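Asks: Whole structure, please, built from the sequences with the hints as guidance.
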Amino acid sequence: MKKIQGQPLPLGVTIRERNINFSMTVPKGKECQLLLYKKGKSVPYVSYEMKEEDAVGEVRFLTITDIEPGKYEYNYLIDGEVVLDPYVKALAGRRQWNHPRDIQKHEVRGILRHEEFDWEGDSQLHIPYHKVIAYSLHVRGFTKHPSSRVKYKGTFAGVIEKIPYLQELGINQIHCMPVYEFEECQKYTNYWGYGPACFFAPKSAYAAGLDAIGELKDMVKACHRAGIEVILEMPFTAETSRQIISDCLRYYMMEYHIDGFIINPFVVSMEEIHADPILKSTKILKHQEFFQNAMRRFLKGDEGMVGEVIYWLRHHSAEEGIYNYIANHTGFTLNDLVSYDSKHNEANGENNYDGPDYNYSWNCGAEGPSRKRAVTALRRRQIRNAFFLVLLAQGIPCILAGDEFGNTQKGNNNVYCQDNPVGWLDWNQKEKERELFAFVKELIAFRKEHPVLSQESELQGMDRLRCGIPDVSYHGMYAWREPIEVASRQLGVFYCGAVADDCDCFVAYNMHWLEHSFALPAPAKGKRWYKIASTDEGIMNEPVRFEEQRETVLSERTIAVFISASEKTEAVSG
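All residue numbers for the sequence shown refer to the UniProt record's numbering, where the first residue is 1 and numbers rise by one.
Source of the hints: derived by calculation from the structure; they are not laboratory data. The model shown is predicted, which means the values in this text are computed figures rather than measured ones. Cβ atoms here follow ideal geometry from the backbone N, Cα and C, with glycine treated the same way. Mixed in with the good hints there might be a few duds.
Restricting the straight-line Cα-Cα distance to at most 20 Å, the calculated cross-link-like pairs of lysine to any residue (SDA-like) are [said to hold, decoys possible]:
| hint | residue 1 | residue 2 |
| --- | --- | --- |
| 1 | 3 | 61 |
| 2 | 71 | 107 |
| 3 | 527 | 467 |
| 4 | 217 | 118 |
| 5 | 441 | 531 |
| 6 | 51 | 79 |
| 7 | 441 | 328 |
| 8 | 71 | 48 |
| 9 | 38 | 118 |
| 10 | 38 | 1 |
| 11 | 153 | 98 |
| 12 | 221 | 116 |
| 13 | 531 | 517 |
| 14 | 51 | 84 |
| 15 | 30 | 83 |
| 16 | 39 | 79 |
| 17 | 286 | 311 |
| 18 | 410 | 432 |
| 19 | 441 | 536 |
| 20 | 2 | 29 |
| 21 | 39 | 96 |
| 22 | 162 | 437 |
| 23 | 448 | 502 |
| 24 | 280 | 256 |
| 25 | 162 | 214 |
| 26 | 153 | 118 |
| 27 | 525 | 466 |
| 28 | 28 | 61 |
| 29 | 217 | 124 |
| 30 | 448 | 134 |
| 31 | 286 | 342 |
Using C-beta positions, here's what the derived DEER-type ranges look like [stated by the list, open to error]:
| hint | residue 1 | residue 2 | range |
| --- | --- | --- | --- |
| 32 | 277 | 477 | 50 to 56 Å |
| 33 | 18 | 349 | 32 to 38 Å |
| 34 | 227 | 485 | 43 to 49 Å |
| 35 | 17 | 38 | 36 to 42 Å |
| 36 | 10 | 524 | 58 to 64 Å |
| 37 | 369 | 281 | 31 to 37 Å |
| 38 | 243 | 281 | 19 to 25 Å |
| 39 | 276 | 19 | 25 to 31 Å |
| 40 | 276 | 125 | 18 to 24 Å |
Replies: This is the structure we're talking about:
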């Protein structure tokens, strides 16, 4: 091998047959050397000086010719300190989870590889925003528990093994917490993966074998075959340069066929990314807690919430990248939301000071696990009500992995360091909570069957079809009167089916601890109201004719769904 003049762009490593170009940003006034290692060795085999006088701006570069990429690894030595390439595409020395490795001792090195991957015609799915049913998971925690019954636990391959489960549930988009190379071995285990990282390199500890690049691509391709988009959470730090951010997102989109990203809008400008011509077709999402907080407070019966709930039931925007959730990895799981008044993070070793203090949770009468029938029955009701709130709202609904079968973190609302059964999904719960799983599965299917519940554009509360009925309207004890008084804890929502080529739909929410009556607005001529779902009855196999067409009475903490149908439909179903 020998050194020749290289190219300053693209940054990182570019491999063309037996020629490898190295390009690295180095501040002025600092010495820099390229270190090459024999594969698997922690002693440099050869080094090459990268002189400042040969740089273009602050970019130093060179090309090594007549070299077999798979036989070598690399790092940089800058002013005597061993440094990883911020554009490194794969790492050696990080395959074992939570095992300390010292970069200064050359125990972590960049991998030089150039292998083709057969995508078999795969491409991004481009599922319309309003048709997405999202599911948030942690690649390791999703299948690491022994009860997952997968062969390759805690890996990309483990996710592939669970694809039939996701399909059965009705999921068509997964949100993956960080899958890039982060340093998990810290004072407290960095289980989630936030903080400084090698953003371009998939995490080798998430691979079942030696090829993290190929296994992440396998996971994406398998998800796409199953009709499931893959969204990566990319929580770049404030220190990450704008160039690295844009290059990284483009790289994952083009190299891994990733369908979208969740970013921190306080670090990365949404407008900037939307303006990127390469990323225009890619979904860009962001965390926001406004929906979560409003729905949690409504769920537990706080006063003065109806106005906010009206807004969040109808609002959605592809440009804003908003998706709706009532539970996420930061904060309580849904089961814990209705089982704990306060966080219980003592196991994190921070004297319970970590994690959000305001969770808008309610333990339903007992803190933590309870055998009291009244408490457990109320918790089941509240969990079902929570799923109604998320899955009957417009926009993108997102379920936290395991909520569909009552997964618990034992009151810990910040399991960032809990790489153990507390932070992993306990799949034994699925057998214990078969009824809950069936309810969620059927509710997702119901949403998909009724486009009036997931419309392409935001509802305006206007008569868009000039048919005498607005696209959405709000009711309470009296028809056509919004129950927005401070003391109100009830809301009826009437969706005009004609705007979505669907039947009319009326959803009655009673989050009060008292029963309430709801006025039913008159359905279209020749139609009648039929009850199709409720907190107590779940999703009914057949609509049930509702005898009283002008009013319905809901017991405490109950949600009910009605659809309109003609007498002819009644005769067929009856």
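Asks: Hint by hint, which ones does this structure get wrong, listed from lowest number up?
Replies: The structure conflicts with hints 9, 16, 20, 26, 31, 33, 35 and 37, although it agrees with all the remaining ones.
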